[in-house]
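Colleague: Got chain A; can you put chains B, C, D and E on it based on the hints?
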Amino acid sequence: MTLWLSFVAAGVLASLAGALWRVWRGPRRADRMMGAQLVGTGGVAVLMLLAPLGSWAALDVALVLALLAALAAVGFVKATSPDGAGDPEEEEETPRRKADG
Amino acid sequence: MTALTLYALTGAALIGLGLYGLIAARHLLRRIVAFNLLGSGLFLYLGAAGARGDGPDPVPQALIITGIVVALSASALAVGLLVAGARLSGRATLPEEAE
Amino acid sequence: MTFVLDAVLCALILGVAAATIAGHGVFRAIVFFIVYGLLVAVGWVRLGAVDVALAEAAIGAGLTGVLFLAAYGRLGREGAGGDAPAPAHLPAAMAGLGVTCALGWAWSALPLPDRPGPQLAEALPMSGVENPVTAVLLNFRAWDTLLESVVLLAALTGLWMLTRDAAWGGRIGLPQHVRPDGVMAGFGRVLPPLGLLVGVYLVYIGADRPGGAFQGGTVLAAVGLVAALAGAVRPPRIGATRWRAALVAGPLVFLLAGLAGAALGAGFLTLPPQIAGAALFAIEVALAASIAVTLAFLVLGPPEETITR
Amino acid sequence: MNALVVLLTLPLGGALAAVAFPAGVARGAALAAAAGTVAAALAVASEVAAGAPPRIALGGWPPPLGIALAADGLSAALLVTTAAVMAAVLLAARHTMAAGLAGPRIAFGFWPLALMLWAALNAVFVSRDLFNLYVGIELLSLAAVGLVAIGGKPEALAAAMRYMLFALAGSLLYLAGVALIYAAHGALDIDLLASRRPSGTDALALALMTAGLTAKTALFPFHVWLPPAHAGAPAPASAMLSALVPKASFVILLRLWTEALPDEASPAALTLIGALGVAAVVWGSLGALAQSRVKLIVAYSTVAQIGYLFAVFPLLPLAQAAWSGVIFLALSHALAKAAMFLAVGQWMAAAGGDRLEELRGLAQAMPMSAFAFALAAVTLAGLPPSGGFLGKYMVMTAAFTAGQWVWALPMALGGLLAAAYLYRPLAALFAREGASVAAPSRARQAVPLALAGGGIALGLASAEPLALLANGQPPIQAVVR
Amino acid sequence: MADVATVVLTGIGLFFFLAGTAGLMRFPDTFSRLHALTKADNLGLGFIALGVAFQAATWREVALLALIWALALLAAGTVSQLVARAALGEEETR
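Chains as they are written, first to last, in the numbering used here: chain A, 1 to 101; chain B, 102 to 200; chain C, 201 to 509; chain D, 510 to 990; chain E, 991 to 1084.
Same shape as in the complex, but just chain A (with noise of 0.2 Å):
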């Protein structure tokens, strides 16, 4: 068992790299962000197939990079947006920057 989860675990490591190539590609900073969205969920999904092998601890690691990856995506939504602070949702115009100077 030990043997094919290892083979698993690499297997999905390995399908990793091509979204890492879509992070390099883009060509849009969605894109970008989808790939990394990817890698997080292999890297959650890694840690499961782990879990089996050595320590199931791994799985409180899972669960941590799983709700810190949903911070990291609102992070880059908010990043990406026209004033560092807003909502793709908006309708109206986002306010602009309120700060002078």
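Worth flagging that the hints you see were computed from the coordinates, not collected in a lab. Owing to the predicted nature of the structure, the values given are computational and were not obtained by experimental measurement. Note that CB positions come from ideal geometry on N, CA and C, so glycine has one too. Be aware that one or more of the hints could be misleading.
Stretch by stretch, here's where chain E covers chain A in the computed footprint (C-beta under 8 Å, at least three residues) [to be verified]:
| # | segment |
| --- | --- |
| 1 | 28–41 |
| 2 | 62–68 |
| 3 | 73–84 |
Modeller: Using the frame of chain A, we list chains B, C, D and E on its own:
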């Protein structure tokens, strides 16, 4: 070659990459990112060294956790300086390195 | 097969790191850095260091990545969003290569020393916790951790000094705005309760199993950040008294516990074994709260809105 | 309660109070904590002087499991000097860093940052654990960067950023060395390492730690960040940054090369460090000569003075007097440099700037602070009877005893150069032109004067400090050539 | 028996990951890539979680696996919508 050696050498390579980025990059955010790579490579090296022998040594793990938190604090302050500087100068580089 | 797994992982880590340093575009470098943190967290699990893996997943991949993304957004706002191309730098390449080769050589020359393992095994039952990493952090090397909690505070105080005088007293971070009935706002309502649970769980189990104040505190900070970015809560004003109390609670409880040991004649930072468990739990809770608030404030950054007095 | 514990915890407690409470209370709490810390520093020094140096295994866990703290003569001397400088700086800042004058932002941030800086210095001076020293210098660096940036001007922010980059790179290089040490020996305690079984990797570890710490100390060629950072901060902050902060990384270096790993101190490596020190003396002095702003002159002078500290390294394993001499140089530089920055701060407040021509004739309006600057200049140039003179005298004696008179040359040359670059501000100050400015009260002018007087007194009453330093002085190595 | 289930289910999971990556690399535009990706990685993760659950010794671990999958589903669903919106406003450059 054992797996530990693999991680230690990866750590050593990350340290070199991070050092290169920290010195060579112009954009300050890239430099701060390089600093984080350098730090994390160092932790990987220390962690691999601590995992030798019988069973992982908890002391390096505690040191690394401390180091990770310190690195985040330093990065946050550096990012703050970068943004505040860019607000005044309109650039994300050091003044003497502006194009 | 496990070796192949490790080899693939290390190759990915190195490739991602190289892609972070090389190439054009700051945004791409940041995304690669986030990916890097994810992969390194997996690496820590492979090295048997689950405590570190938790910290790396929460801090390296999570908060640091969001910090850089937020910085990218803010730079765009200041009209400094572009990359600054850097020519190849020969001395830097030689320095990097030199350090890598030296450390690679050192690995082969490192002796396997006597480590504090036996002393640790002997002391662990008296430390008040069962997770050896937590015992090192909060008891055996408590002075490091106490100073580190002040490092966080120093970084935040320094960061707040970068506020424009006109914005002093304003709400922390950029003024966030979202569509009230939109996906993001909904996300900001659903995720935080779940994350809160995870964070508290990590703090709670830290005494016996991987986890603890730093990992749990970071997850709690992430929860606060999601809530703030998605507009579910508004960050406090920079001078708000209650929040300042939250910032110092952790270091203060830690310091007082240490001084109590000294006052009782046991010595500074000495916890008698009978009460060590309870004392460490109190320290962990206070520390996690302070770490959560401090980290969230660090990532949100100084206030931006102009205050009219 | 143990004086050493008070010394470490009181500034931390004061910093926490200064963060938690509103500005008025914060300042009071900070000053109260400062008074207590000064008393604790004196108490620790008297314990050391009485031959009972305090030593704690924190938490009751002896190394290698726990962290040991210990005060020896070197720590005691630095603790007392730091207490003197910090007391003067905070007294000076009591006025200039109040909310009314500096604004609410600075009034909030200055006090906690200053106390954290102090706490970090004390922690570094007494820690025996290499990783704990890393956390200490990180706290020190972050507080220092915050203080550089506190002024908020574009130059200050750029200077703080540059400082930050050097500090980040430096601390990671140091940490890389610490990691190698732990990997090879399973211990981080200086005393345990002194009796370790040597490993082939120790030389690399020492080289990495030294490279990192010299970047943090601003040794040539890593000095470029220092002058703008120290000149860009408000005067009380500059005084702390220039007088005290470089001493922390210097002390770690001194302990590494003489206490933890003295067997790795090869003559070639020591000569390299010494040569960089000499280059720093020359480069810093020439830089100071080229400046027209007093603050920059004083900041470049720090580059040169740091050079002295490293120019002594080749003599450390050869002659006992070199070790005490270099510490005397460090102590007198701390007192004199803080006095200079505080005096310059008062002139800037009165004259509106620090260009040489703006300062002409200021000595008539502010005789005490002008005299303080002159006394501090005597110390920096190494003229008798100052502590700077005594330090150089000891180093030069050591150089001749060791038969290495080359290392006496920078001491003499640096003195001449210092006299040259300090002549210009003194000439401007004491010019016979009346400048009518609103001078600060005599009590405030007395603060830098007291510090500068301390630099002179160190030379006049040298017996006690020398006796104090003898406690725990590392023996010189059997010379291997 | 449990081992067979694990092998089959994780194998299917791996297949979906490979398919997702292929989609991410081969599909011509951002939106079709997003569409393919979300399906593939959610299914892949689901099958792997299920496969690993057959190795779990306690129900706590099974519950944790389910929680992680649910969290990933929630995050992926939200994120894909937001990323799609963000991509709409972005021209085809960096």
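Colleague: When the hints from earlier in the document are held up against this structure, which numbers fail?
Modeller: none
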